[in-house]
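Quick mapping for you: the protein sequence lines, in order, are chains Z and S.
For the numbering used here, count along the first sequence from 1 and bump the result up by 14.
For the numbering used here, count along the second sequence from 1 and bump the result up by 310.
For the record, the hints were derived by calculation from the structure and aren't laboratory data.
Source: prediction; values computed, not measured.
Where a beta carbon is used, it is the ideal one built from N, C-alpha and C, also for glycine.
Wrong hints could be hidden among the right ones.
Each pair of labels, with its calculated beta carbon distance range [as the list claims (entries may be wrong)]:
{"no.": "1", "chain 1": "S", "residue 1": "N501", "chain 2": "Z", "residue 2": "I146", "range": "48 to 56 Å"}
{"no.": "2", "chain 1": "S", "residue 1": "Y399", "chain 2": "Z", "residue 2": "T157", "range": "26 to 34 Å"}
{"no.": "3", "chain 1": "Z", "residue 1": "S75", "chain 2": "S", "residue 2": "N501", "range": "58 to 66 Å"}
{"no.": "4", "chain 1": "S", "residue 1": "L410", "chain 2": "Z", "residue 2": "V45", "range": "20 to 28 Å"}
{"no.": "5", "chain 1": "Z", "residue 1": "A41", "chain 2": "S", "residue 2": "I462", "range": "29 to 37 Å"}
{"no.": "6", "chain 1": "Z", "residue 1": "T183", "chain 2": "S", "residue 2": "T318", "range": "31 to 39 Å"}
{"no.": "7", "chain 1": "S", "residue 1": "Y399", "chain 2": "Z", "residue 2": "N151", "range": "30 to 38 Å"}
{"no.": "8", "chain 1": "Z", "residue 1": "D169", "chain 2": "S", "residue 2": "I462", "range": "25 to 33 Å"}
{"no.": "9", "chain 1": "S", "residue 1": "A508", "chain 2": "Z", "residue 2": "K130", "range": "49 to 57 Å"}
{"no.": "10", "chain 1": "S", "residue 1": "P401", "chain 2": "Z", "residue 2": "F154", "range": "23 to 31 Å"}
{"no.": "11", "chain 1": "Z", "residue 1": "P119", "chain 2": "S", "residue 2": "L482", "range": "44 to 52 Å"}
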Amino acid sequence: MSEQKINIPKLGIFLGVVAAVASGLLAAVNVQTKPQIEKNAALKKEEAMNQVLPPFKKLVSLEKAIDGATFSVALDENNVPVGIAGVAEQEGFSGPVEVMVGLNPDGTIRKVLVTKQTETPGLGTVITDRKIQKTINDLFHPTELVGLPPNQYLDQYETATSETTWTVTKDGGDIDAKTGATITSRAVCAAVSKVYKAYNGHSDEILKGAE
Amino acid sequence: MSVMKEFTKGLWRENPVLVLLLGMCPTLGVTSSATNGLGMGVATLCVLMCSNMVISLMRNIVPKKIRIPVYIVVIATFVTIVDMLMQAYAPRALYDALGLFIPLIVVNCIVLGRAEAFASKNGILKSFADGIGMGLGFTLALVVLGGTREFIASGSLFQIKMIPGWDVDFMLLTSAPGAFIVLGVFLAGMNALNIRKAKKEGKIYTPPGLDCRQCNICDMGKD
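Just chain Z, same shape as in the assembly (with noise of 0.2 Å):
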């Protein structure tokens, strides 16, 4: 090894100005595309309630979380509730599995979409994704498709009622699960319930709240 004289403050000043001119670059770009980017995530959550609720004028969300689950209560121009959307977590295979559901004002279930999840694709994923196969015939005879695309794990919860059973079959419920994906169905199937009973339980706070 070479006694070679290494000039430190030399090098940490080049680092620094590096460092310097990049977190500079990044702040410049994180202001450009800051309000876009906000406004992104506002367009998917309205997207998704859009899906979950029936045609509405306006949108009301509740701040306080009622037994876990947050509230959004959609009013119609004489500001008559026609749907509220709830949005309820639980941990799943890998990760927070995270609902909306739609919910009429009577308190039966409208809609069940599951809007972030990180399940093994393929497995859980098959509870969670409402998703459209596409095959080769049509790409030559395309058809429209109107609506959610269906998904029975998660269209089962639309027949639910007071005296559903909230868990699994697996569990002694009457929740259908996927064989091999129990534990994903059992987070849905949580999450789902969480907002069905905190809405009958409190559908009158929940209604004030929007007025």
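Using the hints provided, position chain S relative to the given structure of chain Z.
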């Protein structure tokens, strides 16, 4: 002419995935479908192009002792910029599919490897061509690997069912072991092709680039 050569070498002769074996982590991780492979490839291509150019411009002023930290700062900056731009302006479906993988580009060996092995020793035009070539080669390999896995697993390509009625997925190919199996088969095939070609010309095949050009870590202490 030599600029053209730097561009084409990444596509086949020195393909980063199948010959240089760089960037195995994203390769194995994201190639569960052709769409994912394409997205990851294009995102890496953008970062590689920019970082190669900037590092080539800086090659004469960066002190050798701190070149690696400087490269990492440059690469991380570009990755973050690409991430923010995509989040803001790319179609949402694309960002939803790729958002998870973009931060991974920072630790992708291809980007740092090309910066160290090529851009820090060559001019801006050559580095740019090298970046595009390597990026395209990476994209190509990922799409082919992803397409193969997707097709064998579910009979679809780019999420479009090619064989109607194939309802139950063959899960092995979309999960991690499938990635290793398919990559292994492709590497064997690539080697067999190259060995046969070399034999025809009466030579012995030696993989290019698997020497110290790819990694100068041993020289770190020297100036």
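Against the structure, the hints come out as follows:
1. For N501(S) and I146(Z), the hinted distance range of 48 to 56 Å is not satisfied, since their beta carbons lie about 41 Å from each other.
2. Checked against the hint of 26 to 34 Å, the pair Y399(S) and T157(Z) passes, with Cβ atoms roughly 31 Å apart.
3. Range check, S75(Z) to N501(S): Cβ separation about 59 Å, and the 58 to 66 Å hint holds.
4. Separation of L410(S) from V45(Z) is about 25 Å and conforms to the stated range, judged on CB atoms against 20 to 28 Å.
5. Checked against the hint of 29 to 37 Å, the pair A41(Z) and I462(S) fails, with Cβ atoms roughly 46 Å apart.
6. At about 59 Å, the CB distance of T183(Z) to T318(S) disagrees with the hint of 31 to 39 Å.
7. Separated by about 34 Å at the C-beta atoms, Y399(S) and N151(Z) satisfy the suggested range of 30 to 38 Å.
8. As the Cβ distance of D169(Z) to I462(S) is approximately 30 Å, the hint placing it in 25 to 33 Å holds.
9. Between A508(S) and K130(Z) the C-beta distance comes to about 52 Å, which sits within the given range of 49 to 57 Å.
10. At roughly 24 Å, the beta carbons of P401(S) and F154(Z) sit within the given window of 23 to 31 Å.
11. For the pair P119(Z) and L482(S), the beta carbons lie near 48 Å from each other, so the given range of 44 to 52 Å is met.
The structure shown violates the earlier hints numbered 1, 5 and 6.
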